[in-house]
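K.L.:
Which chain is which? The protein sequence lines are X and D, in order. So the mapping is simple: this note's numbering equals the position in the first sequence, first residue as 1, plus 19. So the mapping is simple: this note's numbering equals the position in the second sequence, first residue as 1, plus 6.
Check before you lean on any hint, since a few could be wrong.
For each label pair, taking beta carbons as the anchor points, the in silico distance ranges come out as [said to hold, decoys possible]: (1) G60(D) / E113(X): 43 to 53 angstroms; (2) G273(X) / I330(D): 50 to 60 angstroms; (3) E143(D) / G215(X): 54 to 64 angstroms.
Hints are computed from structural coordinates only; laboratory data are not their basis. Just so it is clear, the structure is predicted and the values come from calculations on it, not from any experiment. Each residue gets a CB set at the ideal place from its N, CA and C atoms; glycine is no exception.
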Amino acid sequence: MITTPQEIITRMPASVWQPFDDPLDSGWAVDNFWAHWGLFSVGIIGFVLLVVMGFIWFERRFISPMQLRIGPNRCGPFGLLQPVADAVKVMLKEDIVPNLADKVVHFIAPIAIFVPVLLMFAVIPVHEGVGLIPDLNVGILFVIAVGSIETIAVFMAGWGSNNKYSILGAMRSVAMMVSYEMPMAFAVVAVVLVTGTLSLQGIVQAQTIPFALLLPMAFILYFIGALAELQRTPFDLLEAESEIIAGYHIEYSGMKFAMFYLGEYGGAIIQSALITTLFLAGWKGPFLPPFLWFMIKLFAVFGMIVWIRATWPRVRIDQLMSFAWKYMLPLSIVNLLIVALEVIWFEGDAVTWWLVPINIVICGALLTGWATFFKLRGGPQVES
Amino acid sequence: MALKTDLVTLNIGPHHPSTHGVFRMRVTLDGEMVREVEPMFGYLHRGLEKLAEGRTYTQIIPFTDRLDYVSSMQGNWGYCLAVETLAGIEVPERAEYIRMIVSELQRMINHMLAVGFFITDLGAMQTPFLLMFREREKLVDLYEMLCGQRFLYNYMRIGGVSHDLPPEFFPAVTKFMDEFPSYFQEFEDLLIGNEIIQARAIGTGVISAEQAINYSMSGPCLRAANVDWDLRRDAPYSIYDRFKFDVITGKNGDNWDRYRVRMEEVMQSYGIVQQALEQLQEVPPGPVKAKVPNLLRPPVGEVYVAIEAPKGEMGFYIVSDGSIAPYRWHVRSPDFINLGALRDMAIGSKIADLIATLASIDICLGSVDR
Numbered sequence: 020m021i022t023t024p025q026e027i028i029t030r031m032p033a034s035v036w037q038p039f040d041d042p043l044d045s046g047w048a049v050d051n052f053w054a055h056w057g058l059f060s061v062g063i064i065g066f067v068l069l070v071v072m073g074f075i076w077f078e079r080r081f082i083s084p085m086q087l088r089i090g091p092n093r094c095g096p097f098g099l100l101q102p103v104a105d106a107v108k109v110m111l112k113e114d115i116v117p118n119l120a121d122k123v124v125h126f127i128a129p130i131a132i133f134v135p136v137l138l139m140f141a142v143i144p145v146h147e148g149v150g151l152i153p154d155l156n157v158g159i160l161f162v163i164a165v166g167s168i169e170t171i172a173v174f175m176a177g178w179g180s181n182n183k184y185s186i187l188g189a190m191r192s193v194a195m196m197v198s199y200e201m202p203m204a205f206a207v208v209a210v211v212l213v214t215g216t217l218s219l220q221g222i223v224q225a226q227t228i229p230f231a232l233l234l235p236m237a238f239i240l241y242f243i244g245a246l247a248e249l250q251r252t253p254f255d256l257l258e259a260e261s262e263i264i265a266g267y268h269i270e271y272s273g274m275k276f277a278m279f280y281l282g283e284y285g286g287a288i289i290q291s292a293l294i295t296t297l298f299l300a301g302w303k304g305p306f307l308p309p310f311l312w313f314m315i316k317l318f319a320v321f322g323m324i325v326w327i328r329a330t331w332p333r334v335r336i337d338q339l340m341s342f343a344w345k346y347m348l349p350l351s352i353v354n355l356l357i358v359a360l361e362v363i364w365f366e367g368d369a370v371t372w373w374l375v376p377i378n379i380v381i382c383g384a385l386l387t388g389w390a391t392f393f394k395l396r397g398g399p400q401v402e403s
Numbered sequence: 007m008a009l010k011t012d013l014v015t016l017n018i019g020p021h022h023p024s025t026h027g028v029f030r031m032r033v034t035l036d037g038e039m040v041r042e043v044e045p046m047f048g049y050l051h052r053g054l055e056k057l058a059e060g061r062t063y064t065q066i067i068p069f070t071d072r073l074d075y076v077s078s079m080q081g082n083w084g085y086c087l088a089v090e091t092l093a094g095i096e097v098p099e100r101a102e103y104i105r106m107i108v109s110e111l112q113r114m115i116n117h118m119l120a121v122g123f124f125i126t127d128l129g130a131m132q133t134p135f136l137l138m139f140r141e142r143e144k145l146v147d148l149y150e151m152l153c154g155q156r157f158l159y160n161y162m163r164i165g166g167v168s169h170d171l172p173p174e175f176f177p178a179v180t181k182f183m184d185e186f187p188s189y190f191q192e193f194e195d196l197l198i199g200n201e202i203i204q205a206r207a208i209g210t211g212v213i214s215a216e217q218a219i220n221y222s223m224s225g226p227c228l229r230a231a232n233v234d235w236d237l238r239r240d241a242p243y244s245i246y247d248r249f250k251f252d253v254i255t256g257k258n259g260d261n262w263d264r265y266r267v268r269m270e271e272v273m274q275s276y277g278i279v280q281q282a283l284e285q286l287q288e289v290p291p292g293p294v295k296a297k298v299p300n301l302l303r304p305p306v307g308e309v310y311v312a313i314e315a316p317k318g319e320m321g322f323y324i325v326s327d328g329s330i331a332p333y334r335w336h337v338r339s340p341d342f343i344n345l346g347a348l349r350d351m352a353i354g355s356k357i358a359d360l361i362a363t364l365a366s367i368d369i370c371l372g373s374v375d376r
């Protein structure tokens, strides 16, 4: 277990170079440094692009019956080729840069939003010992740190476009992402406390019980935070179509817009993958091969996000902020405290079925209890 | 050290997803706060009122379709009622009932769409909107049976309606009436308890009863501000005195009340349609159109007739000089006048509430700009 920052720094290179120290133990790692990086870089980009297409198709097909329509069904079987057609269309479109835009920032923003997504994939465990960095010992820290770059990219896009709508969206995004990262991080810390490791592989290995059951509160808080991080309904304020049209990427077209789209859906993959890894036991599962389990859970989590998108309206900016700071943050701290006490009580081995009902009851009590003190709305109450 | 901040002027519209057409607002923003709203109209101005002065009275009816195109039947009805009042034409009883049925069905369409748009503008991804369209599709199918049109009906004529109800209409409408309450209840169940909708709608876009009256608002917007006023009950035109229905009022005049008033009015209209269908069984078949000359020449004079259209008091002012065309034709469109209150409702709120308030007023640019 890592205790000091010095230790993190000293241990990091060892982990990064691990595939070459011990190729047999790390599964699919390749025995040559450059071959390994080349293979997995291309593999990750291909994987992300494919899954993004899968997600786009899945979202559109999944949301359609909820909205009493059919969805894409013309291109290929079940409309599976629709995302390909869209990608081709968007690549052929003219790239428009506003006259008064900050050209450099405007150009860099789409790249800056997509690269962190790829970076984060370096450490996501899809199988035991498989990955660009199969077992980074500070994996979750790395993911949270790199994920925060996205905020800057969004702000760059909003600022560089020199458009009032986009700057409104960018301001909202900074306020929102900074607020929601905190309860999210606290939820992750609860997981880390229980498992005693920052490594994502280690967290998956430690989950003899899915943490969604063992730490329901952390799961719920992280899920809500992920919705905000993804700018998904009900927190899609920064691209609120009915208010500020498209928000920060209003002035982007063609391939640059496609990069934002990729970044958005890539972020959805990452967050689904993190929820899968942290709370749903990652690639573990009976009968089916681990990678298949990972994909099933990935799509299940994303399906949940899509379901919420189809169902709920959007909150207002002040409600959004008060929800983060007055509801989620206190709860996440209380949750951390409770988990810490449990870890002390069970002397470090808190992954036990005993705690599942206790934690679920505590979670329900805290969520509803705090909700009676916290009201999203002012004005008179309405009985429903 | 105080930060130096500036107000930002933002043009919302005319091309904007949630301005319901080509409406434009010049909004002065202080961060997210709305400091000033300046509504700007006229992007859809087609000069219908002037054009009407060169048309015969019958030729004007299609214009009334294009006023409030979400509830064309009501526009038809208001205009025909005005001309009939001016020329003193008696409408056959059967035609009155047919008009009543189609118009109240139209009110249901309009209110459901208004609520669907409202929830969409709150940020829902069009699911409620499309659920509303499911019911609307059934109704426009009924209208297609009547007059071959699904949107701009041009169904009513001066002195009646163009066709009698076709025989296949009755089973279809009975089927619709049987199914509708359960579908409607499903919709209510999905929305009414939603915390986000309540948080967004309750207490936003408030207008007091005095202000609403001073702005000469009408329709659901006025009733939501707790003013008990409905032309169907207080100045009954046509055969409204034969039906039982409640006038729904809100309490606070906020977005939530406007949404609730609309939803409950849908069920009131449903009740009226049911009563009308029952009473229609006892009306003997006969003509559905009074004998009116093709080139109607109403006597010299002027008339103002208002009906309770879904969006409020829709009035038609006609000045006749005894010729085949009106000397002056003016429409009091309810949403145009309701929209005047937008500034007072939105100032001091967030930009998101401005959009929601605009949607809750339920404007139709065809009738705002005429």
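K.L.:
Now, for every hint given, state plainly whether the structure supports it.
P.N.:
These are the hints, each one checked on the structure:
1. G60(D) / E113(X): 43 to 53 angstroms: Taking Cβ atoms as reference, G60(D) and E113(X) lie about 45 angstroms apart, which means the hint holds.
2. G273(X) / I330(D): 50 to 60 angstroms: holds (57 angstroms)
3. E143(D) / G215(X): 54 to 64 angstroms: holds (58 angstroms)
In this structure, none of the earlier numbered hints is contradicted; all agree with it.
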